[in-house]
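First to last, the sequence lines map onto chains A and B.
Going letter by letter, the first sequence gives residues 58 to 304 in our numbering.
Going letter by letter, the second sequence gives residues 14 to 485 in our numbering.
No wet-lab data here; the hints were simulated from the structure.
Computed from a predicted model, the values in this text were never measured in an experiment.
Just so it is clear, CB atoms sit at the ideal spot from N, CA and C, and this is done for glycine as well.
Treat the hints loosely; a few may be bogus.
[Stated by the list, open to error] Here's a subset of chain A near chain B, in silico, CB distances under 8 Å, partners left out: (1) Lys-95; (2) Gln-102; (3) Glu-111; (4) Ala-249; (5) Phe-256.
[What the hints assert, rightly or not] Beyond 10 Å from chain B on every Cβ pair, some chain A residues (computed): (6) Phe-220; (7) Gly-250; (8) Leu-294.
[What the hints assert, rightly or not] Okay, the calculated beta carbon distance ranges per label pair: (9) Pro-297(B) with Asn-303(A): 19 to 29 Å; (10) Arg-285(A) with Gly-302(B): 55 to 65 Å; (11) Glu-121(A) with Phe-177(B): 56 to 66 Å; (12) Arg-186(B) with Asp-158(A): 51 to 61 Å; (13) Lys-300(A) with Thr-33(B): 41 to 51 Å; (14) Ile-291(A) with Gln-372(B): 47 to 57 Å; (15) Thr-101(B) with Arg-138(A): 24 to 34 Å; (16) Arg-315(B) with Lys-274(A): 28 to 38 Å.
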Amino acid sequence: MKNWLILGATSGIAVPLARELASRGNRICLAGRRENSKRLELLAQDLNARFGVEAAVSYFDAVELERLEAFIDEVEETFGRIDGVVYAAGLMEPQLHLQRDFTAARRQHDINYMAAVGLLGHTARKMEARRRGHIVAFGSPAGDRGRRSNYLYGADKAALHLFMEGLRHRLAGKRITVLTVKPGPTDTPMTAGMRKPRFKARPEDVARDIARAIDDKRTVIYTPAKWRYIMCVIRHLPWFIFKRLNL
Amino acid sequence: MNRQSDSKRAARGGCPPLFTERLESWGRLRSGLTQVARPELSSHLRGILAARTSKKVLGFGRGLSYGDACINTGNVTVKFNSLDHLLTFDPGKGILTCEAGITLEEIIRAVLPHGWFLPVTPGTCYPTIGGCFAADVHGKNHHVDGSLARHIRWIEILTASGKFARCSRKKDRDLFLATAGGMGLTGLIYRLSLKLKRVHTGYVYAERIRVHSLREMMDVIEVGDADWEYSVSWLDGAAPDREMGRGEIILGRHAEPEQLSFKRRSSPFIIRTRPGISLPVTSPVSLVGSLSTRLFNSLYLRRSGSRRKRREIIPWNIFFYPLDAVREWNRLYGRKGFVQYQFVAPDEAGYSAVGLALQICQRSGHIPSLAVLKRLGEKEGLLSFPMPGWTLALDMPVRHGLFRMLDELDRIVIDHGGRVYLAKDARLSPGSFRAMYPSFPEWLEVKRRVDPEDVFSSDMSRRLAMNREEAD
């Protein structure tokens, strides 16, 4: 039994991931914004009814950067030592909107990247001292190559990917696993409005892949796995072709 | 979490944001552009109703009905993906309360380790419990345990009045019976309470019996049904006339621990299920044709060998959900999709109706790639499919002339006093529907009481003109 902290627990992939982790008998702390309290309470009830595990709820807001470290300390005090942490909060606003509105772009960057650095960095320090732990965060295939349709989100995710890579390097040999998950389009509220229905992966399948990757101590996974190959091709497309594509 | 959508949500007064998406059903022959809402709390359901303006509303589980029952073109579709919480589960009594969007697979995962199983399950574990209740699904045990509705203790449904109503067989019985099998047209089913079935292992003790004619098959099924909890039969739809009905009967019951091998007995409920392979792309043309069907069927029959009976102990997922092993197998049928034509005919007419249907398929060249025969019992809801008799399900790729042949099958089914399953239908005519469902006027009375403005509607209900008595 381990204690897992899920940050951004109401997000579309975090919900089934919390269930996967709970099904392995772990204690779960579901963290999200206070305005989502009803949903978080319901999720805690769900985890308890499904798997008979203890689930707690706590509140933080990713845009309040200066309070994030205190929040982690508080969770450790009330919930217990954090053995695993998932940063699942994320925001994907329409690219056009972000291009025109720097404030919105900056806020999205705070949520997608800066908050993760604060929360995971602080948790990592604690884990480093204890020499055990799991750290999980979400990159994205969108962060593999800048595309006109989605590069502000992609840049956030590329930054997070690099942060996780560095963290992994730093913590190598200290019995801490650092996993970057790059999910393809998944059927969650974040991708609502993307019209092709069968194109999207089921969040339950994505969550199962992630849980298995944690068990197997993987470093970077794409899920569904086909995205590794698709992005490999896209990354290596020569510029004279790439610039003509409407991606 | 999406902040922008939160502000939109607040602006609409509890209605989650709507996005335009194309949704399709399992048969992939019907799809439609629709406004999709993804509520996360019960209050959002109310918000959707309040904000719908003149649009029609339909609940949507996982889109696994075959025809157009889950499609609501040009209107509002309420996806239940996030309303999937298990609320309470009593491992002592086997009683469970959940939101309607939870899938059967997830219920099994939660309850099987405590020695409980679904009382009734269709042939796939991916649909939602709400969707299953709306179609009042049956399983391989219908002859013993009836359809799903029999095991539902109560439901909570948001009706057009904007209020949540709790109904059961005792309380507001009319609404309960109109909703069981009512294809989501009486309101948005939000919560259900379910009585589970006690099992002592996660395995099924199964017996397979090879038969060589339809008469023999039906006789063996009748004898088998008396002793066995589960019974289903596969028959070779490509067999020539003289061998019509050759196939295999599969009988089963939940295995007892002492039937398991020593190794399995120590953890009788733990079965590692794999996510399974999935077909990554849709083939441009159907890979299922008469040639591949003939080949597959004869290979399948050969596999079962010359022995008449075979017994085995198999894990629950293999016994109940063999097709779930390949995700999105519907893509095999190509862009045009496929139809599953499932009908039931009363006991005495069963042999004649099943025989005629198979002959017509043969003669018209629409060879069913899959043909499944089963005996059913009494129905539960007003529009429920079952009746005491024989049901035959035929999978066929959509090809030129198919619908004309199915119209002919409709006439045979009506002549024999039977009906077609709405959860699988995409093309029945309003007239045939009325001839097949004699309780329709009774259902319509309840529908008018709870939903006088016909707020809850689907492509299917509009096709079948389910908001009025007469067909035209």
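Do the hints match the structure? See the list:
| no. | hint | verdict |
| --- | --- | --- |
| 1 | Lys-95 | holds, 6 Å |
| 2 | Gln-102 | holds, 6 Å |
| 3 | Glu-111 | violated, 15 Å |
| 4 | Ala-249 | holds, 4 Å |
| 5 | Phe-256 | violated, 10 Å |
| 6 | Phe-220 | holds, 21 Å |
| 7 | Gly-250 | violated, 4 Å |
| 8 | Leu-294 | holds, 21 Å |
| 9 | Pro-297(B) with Asn-303(A): 19 to 29 Å | holds, 23 Å |
| 10 | Arg-285(A) with Gly-302(B): 55 to 65 Å | violated, 34 Å |
| 11 | Glu-121(A) with Phe-177(B): 56 to 66 Å | violated, 36 Å |
| 12 | Arg-186(B) with Asp-158(A): 51 to 61 Å | holds, 56 Å |
| 13 | Lys-300(A) with Thr-33(B): 41 to 51 Å | violated, 30 Å |
| 14 | Ile-291(A) with Gln-372(B): 47 to 57 Å | holds, 54 Å |
| 15 | Thr-101(B) with Arg-138(A): 24 to 34 Å | holds, 30 Å |
| 16 | Arg-315(B) with Lys-274(A): 28 to 38 Å | violated, 45 Å |
The structure fails to meet hints 3, 5, 7, 10, 11, 13 and 16 from the earlier list, while all remaining hints are met.
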